[in-house]
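Student: Please take these sequences and the hints and turn them into a complete structure.
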Amino acid sequence: MLDPAVLDAALLSRLQFAFTVSFHIVWPSLTIGLCLFLFILETLWLKTADTVYLKLYKFFVKIFALAFGMGVVTGIPLAWQFGTNFSELSRIAGSVLGPLMGVEVMTAFFLEAAFIGVMLFGWDRVSPRLHYLATFLVMLGTHNSAFWVVSANSWLHTPAGVEMIDGVMVVKDWWAVIFNPSFPYRVTHMLLASYLSATVMVAGVCAWYLIKRQHVEIARKGFSLALWLLLFLAPLQVLVGDNHGLQVLRDQPRKIAAMEGVWHTERQAPLLLFAVPDKDHERNEHEVKVPGLASLILTHHLDGEIKGLTEWPRADRPPVAPVFFSFRVMVGLGLAFIALGVTGLGLRRGGRLYQARPLLWLACLLTPAGFVATIAGWWVAEIGRQPYLIDGILRTADAVSPVPAAAVASSLAAYLVVYGLMLIAFFYYCHHLVQRGPLPLPGETPAEQHAEGEWLAVAGHASLYTPDSKGAQ
Amino acid sequence: MMDAALICALMIVFGIVMYVILDGFDLGIGILFPWAPADESRNLMMSSIAPVWDGNETWLIYGGGILFAAFPKAFAVLLPALYIPIMVMLFALIFRGVAFEFRMKAKQSRWIWDTSFTVGSMLAAFAQGLIVGAVIHGFKVVDGRYAGGSFDWLTSFGITCGFAMILAYAFLGAAWLVMKTGGATRDWARSITRPLAVAMAGFLASISMKTPLEYHWIAERWFSLPNFVYLSPIPLATVALFVGLFRGLRLGRDRRPFYCAVGIFLLGFVGLAVSLWPYFVLPAMTFWQAAAPASSLNFVLVLVAISLPITVGYTAFVYKIFRGKVKPEHSYY
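Residue numbers (our numbering), protein chains in the order written: chain W, 3 to 475; chain G, 155 to 487.
By construction, these hints were calculated from the structure, which means they are not laboratory data.
If you're wondering where the values come from, they're calculated on a predicted model, not measured in any experiment.
Among the clues, some could well be false.
Okay, the calculated beta carbon distance ranges per label pair [stated by the list, open to error]: (1) G:481 with W:337: 44 to 54 Å; (2) W:411 with G:401: 48 to 58 Å; (3) W:316 with G:427: 29 to 39 Å.
Just so you have them, the derived chain G footprint on chain W, three or more residues with Cβ under 8 Å [as the list claims (entries may be wrong)]: (4) 165-174; (5) 219-225; (6) 248-257.
All C-beta atoms, glycine included, are put in the ideal place defined by N, C-alpha and C.
Tutor: Right, here's the structure in full:
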């Protein structure tokens with residue numbers, strides 16, 4: 003596997019991009035979803051004047067800020083990698099992708115960056131209304147960002163609106179580029195995935211407090227709100243995903259074949275619950291299947307035809323196993339979210355929602371699951387597009403920069419180490435934030451707080467005005 | 155007749171100027187961090203930029219984004235050519251960027267983030283200096299693709315530029331602190347602004363003399379008549395700004411040094427632009443040659459024409475919200 007001839011600059015560049023983009027995607031999806039949640043909280047607070055909402059806001063905004071910082075610092079390298087690692091893509095399609103990224107910068111990054119400062123540090127400098135506006139603008143920014151970056155990405159899957167002149171892409175119709183065939187499905191799917199990820203995370207953290215019987219009042223509100231959201235969002239995602247599937251079958255049938263593990267074109271294709279795809283023998287091992295279901299889901303007809311991978315030459319097939327398994331992880335977790343939402347609804351009658359330990363533990367366990375599902379979904383989409391970078395037009399191997407493998411290997415190693423350390427630090431401080439819990443508001447007596455929580459709250463404030471370790475020694 | 159490529163090129167120049175000035179002072183604060191007189195000063199220094207650093211850094215993506223959009227051919231040459239310094243810069247920006255959030259939450263581990271902030275800021279500045287040096291030095295291009303080596307950017311001139319950049323940002327950061335902080339922090343900042351300004355003047359003078367000697371086209375651009383006459387206001391105004399800066403420091407006008415420092419940066423940048431004009435990639439590509447097809451240039455023009463004024467407007471609004479000297483209680487949310 004570690005043949006030096008194979009580990010060339012192209013493969014390393016792909017690994018680097020795959021790793022950095024997979025790592026990055028967690029933070030935007032958390033900030034998109036959490037910002038919507040914060041916006042809902044601030045709306046409720048301004049409407050009801052119930053300070054529990056404000057406390058929830060001030061608690062989750064800290065996690066939001068951490069995630070936002072991670073998103074910013076891991077996002078900057080991505081834009082530059084188009085040039086540093088895929089300069090042929092930039093040369094050929096820069097005039098298509100560049101302007102879309104440009105709109106993202108202008109309508110999203112600046113907006114978020116400007117108003118997150120107000121969101122975090124503006125409490126005593128601006129009126130509550132202006133603060134509310136800042137939260138709204140940051141939310142708007144995160145959504146703009148998703149819109150444009152998913153548009154650019156979707157164009158790689160379903161290119162439209164361009165013409166090749168002298169070896170470079172020239173845009174003929176911007177509307178067709180932006181609203182390319184897969185874009186409406188993919189942007190909706192991504193936004194819902196972000197909402198789900200953040201909602202499941204909020205539910206998990208609140209469930210933890212309910213299990214520990216800490217910050218109960220705040221945790222109940224948060225948990226209840228999250229489960230209501232989940233009840234609507236999770237089934238909606240299934241609906242959107244289903245429609246997205248129809249579109250992929252129409253526009254990228256190779257990807258569907260890999261997702262479903264279909265090697266030979268067939269009607270009444272079975273849904274494989276589990277299998278081990280064997281690309282050398284062009285078949286699956288250990289199949290567990292439901293007859294006819296794949297055809298029914300994908301074509302909405304029991305007799306619908308699904309093209310098999312053998313319709314394409316081997317060199318044009320995507321790697322099957324990662325696509326096949328990632329798809330099952332994504333769908334499986336999606337079903338778990340539906341189960342969580344529905345069970346929660348059932349337990350609301352009689353107020354058992356906050357005492358049902360198995361449900362609380364399940365919520366806890368699923369805390370990071372939204373992000374796992376999101377990453378799995380992106381793997382399905384992006385690996386399913388291989389070996390093409392721009393589907394049907396430009397192969398990934400032909401898009402890389404004239405940079406030696408050693409340079410890419412070094413930067414890849416550095417990314418692995420640095421991002422690994424960042425993730426550890428993120429978990430470490432998140433753990434502390436969750437341990438400390440929501441703080442009492444200024445001027446409020448912390449009487450209702452758990453004794454330990456109270457001590458930590460005081461320590462948290464005091465630490466700001468005491469010398470650091472160097473000063474103390 | 156103004157054409158679309160020219161306006162787009164000016165938009166990039168505007169973005170780079172915004173970046174160098176805005177991220178310049180907050181990189182400068184990272185560079186000065188270890189020398190602060192006390193930890194309270196460090197908290198104050200961090201607070202003075204915490205609400206705005208992220209917006210400041212966004213100008214870097216703006217510059218890169220418009221370059222990618224409007225001049226993809228230059229983008230496709232410059233980025234592989236500068237692979238290593240760009241990667242170093244990106245990692246450095248990661249290190250300093252995470253420090254903002256993590257430092258605030260840290261107690262015993264705060265020193266890790268202080269180090270990460272300082273080292274990240276210095277390395278980012280140094281890498282940017284290397285990039286400036288390499289852009290002045292030029293690139294080997296064959297058939298529109300970069301054809302040089304991975305280390306072509308490593309020249310003594312580039313390294314000089316790297317150190318100059320660290321110094322320049324430290325100078326700008328010190329002037330920012332004079333304006334934004336009070337008490338012991340401000341006094342300390344005031345005491346270091348003067349020597350930093352002197353060193354900055356020395357570096358500017360030596361680079362201004364070295365580049366015409368080393369690169370003949372720069373000498374021709376500046377020292378041929380009538381260019382020499384037309385361009386002479388640039389060095390003269392720079393001298394005037396230095397004088398204004400020292401006067402402001404002496405008189406205790408806390409905002410003046412920063413504005414003068416910004417002016418000096420602007421003029422330094424204008425000087426650089428004059429030297430390189432109209433090349434994006436020396437000696438192979440002018441910005442006209444690197445430009446994207448008209449449909450993309452026009453798209454960028456419309457986009458920027460609508461969004462840039464709005465962006466600058468609300469950025470100014472946010473700066474206004476956080477105007478004035480920063481106080482210790484503003485350090486947390």
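Student: State for each hint whether it applies.
Tutor: Verification of the supplied hints:
no., hint, result
1, G:481 with W:337: 44 to 54 Å, "holds, 52 Å"
2, W:411 with G:401: 48 to 58 Å, "holds, 54 Å"
3, W:316 with G:427: 29 to 39 Å, "violated, 53 Å"
4, 165-174, "holds (count 5)"
5, 219-225, "violated (count 0)"
6, 248-257, "violated (count 0)"
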